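Protein chains: 2
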Amino acid sequence: MDQRVSFITLGVENVERANRFYEALGWKGSTPDGDVYFFQAGGIVFSLWNRAKLAEDSGISDSGGSSGFTLALNTRKQNEVDEIAGEVRAAGGTITREPGETFWGGYSCAFTDPDGHPWEVAFGSHYEITDDGQTKLKSPE
Amino acid sequence: MDQRVSFITLGVENVERANRFYEALGWKGSTPDGDVYFFQAGGIVFSLWNRAKLAEDSGISDSGGSSGFTLALNTRKQNEVDEIAGEVRAAGGTITREPGETFWGGYSCAFTDPDGHPWEVAFGSHYEITDDGQTKLKSPE
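From first to last, the protein sequence lines are chains S and P. Just so we're aligned, residue 1 is where the first sequence starts under our numbering, counting upward by one. Just so we're aligned, residue 1 is where the second sequence starts under our numbering, counting upward by one.
Keep in mind the hints are simulated off the structure, nothing from the lab. Predicted model, so just to flag it, every value in this text is computed and none were measured. Treat the hints with care, as some may be off.
[Claimed, not checked] PhoX-like mimics (lysine-lysine), calculated; alpha carbons at most 20 angstroms apart, straight line: (1) S:136 / P:136; (2) P:28 / S:28; (3) P:28 / S:138.
In isolation and in its complexed conformation, chain S is listed as follows (with noise of 0.2 angstroms):
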């Protein structure tokens, strides 16, 4: 199995809602059918689909709630993680954690969209962030 992930999709509970968010945000979506929409993110898909849909097509049974895995996004400057908490906070996000330096040496602040799904937008040192919008890991100095 190939080292790559190529989709994340949420599951949400209402496709029109969460894309607003994320439009809110700046993003830019497209939907073949109105049922489920598709984000280009750098060098992945990001999607939103109905929850129960995703569940049932996933196999696994829905356990409500939204845990056990955090998306984020790393940023090139530290003041943008200030900025895009204003920004989440104007799109109706609500702030879980506020912009603060953290343990691992990093300044960074958390949030959850509409259906309660988490993310943290940080700065730090242990990555690049390529031209093309690719994450990469610093190898260990």
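Dock chain P against chain S, hints included.
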């Protein structure tokens, strides 16, 4: 907020067990401290961390289970889906949907890892995989 994803972190009960599963699928990660594992996965970083710590760091309560998201690996050839299903079985994962044709015109299977986190392994025509492992949506035809 840039339209990118940098990290996907899965919260797991036992990071060593989770790492062994992904290693058995042929993945190779690194850990700075034995507490967290990082895998360069195409243009993003896939990581494994203690579930309770991840929930606390994300400012959410852990509702248990794993639902609300599904990861996908999209393949370059259809027969990779069958091959990977075999690798997943051998590694101790659970095939939750056997390989077969999908409603969207592709071919895929679904599985869960030892923590119940769902993946789809999919072959289709609406994306391309770049030489460096990025997944790019094709424009609608």
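Residue 28 of chain P paired with residue 28 of chain S [C-alpha distance capped at 20 angstroms]: violated (33 angstroms)
20 angstroms limit on alpha-carbon distance, applied to hinted pair residue 136 of chain S and residue 136 of chain P: holds (18 angstroms)
Satisfaction of hint between residue 138 of chain S and residue 28 of chain P, Cα-Cα up to 20 angstroms: Distance of about 15 angstroms is within 20 angstroms: holds.
Going down the numbered hints, you'll see the structure goes against just number 2.
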